[in-house]
Amino acid sequence: ETGVTQTPRHLVMGMTNKKSLKCEQHLGHNAMYWYKQSAKKPLELMFVYNFKEQTENNSVPSRFSPECPNSSHLFLHLHTLQPEDSALYLCASSQDLAGGPGPTDTQYFGPGTRLTVL
Amino acid sequence: GNSVTQMEGPVTLSEEAFLTINCTYTATGYPSLFWYVQYPGEGLQLLLKATKADDKGSNKGFEATYRKETTSFHLEKGSVQVSDSAVYFCAFYSGGGADGLTFGKGTHLIIQP
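The listed protein sequences correspond, in order, to chains X and F. Residues 1 to 118 (my numbering) are what the first sequence spells out, left to right. Residues 1 to 113 (my numbering) are what the second sequence spells out, left to right.
Keep in mind that the hints were calculated from the coordinates and are not lab data. No false leads were slipped in.
Restraint-style ranges between C-beta atoms, simulated for each label pair:
#, chain 1, residue 1, chain 2, residue 2, range
1, F, K60, X, L118, 34 to 42 angstroms
2, F, S79, X, T80, 47 to 55 angstroms
3, X, H79, F, N22, 38 to 46 angstroms
4, X, T5, F, P113, 31 to 39 angstroms
5, X, R114, F, G29, 31 to 39 angstroms
6, X, E84, F, P113, 37 to 45 angstroms
7, F, T51, X, K22, 28 to 36 angstroms
8, X, G14, F, R67, 45 to 53 angstroms
9, F, E15, X, Q82, 41 to 49 angstroms
10, F, G29, X, K22, 30 to 38 angstroms
C-beta atoms are modelled at their ideal positions from N, C-alpha and C, and glycine is treated no differently.
Based on the sequences and whatever the hints tell you, model everything.
Listed below in structure tokens is the structure:
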């Protein structure tokens, strides 16, 4: 399998549930990202991992917890979510070419997980 | 702060019409510019990009030119097809601290036969 894959594609959960989203990239990249896509709003960057180290956390509530065990896998652990957290969650990856503080190359996106919080 | 402004739409055109989707940005430094496309039920796909002033990105008949003086990156296509119906996102990467892309809200394009 090639590219960036995400599972599950659809998830419905209650506010008291705990679930995890999974992302896997088969491109040999070393940076991975979580974005949130809500209706009528720009994509919001949530977390960035570069070489497995978290380099960005854009004031995301603690009910979202990322995990990056290796450069090919990225998880987003969810607990006690709110209905306003319902959205499409997109994973992306890129290659850090410059060797500097962050990735510089094109980001490739997965198909997303459509999350509904009841 | 950093931002991208693009028309939200929906933009409805007939097949073979000329397309322009405007995009302007506010960024620190010298960003790289991108257009992504999202087809129904799918994630974002890179459509084209440009990394320096006056560069023209092109792909699948779409073009956009990096205009530093007007901070714009308008997307154009000479003759659209029904299969071009999708949501188009303008974005940039500034590389200054935040490592993610800054996106516009997306423009929903509908092409009618």
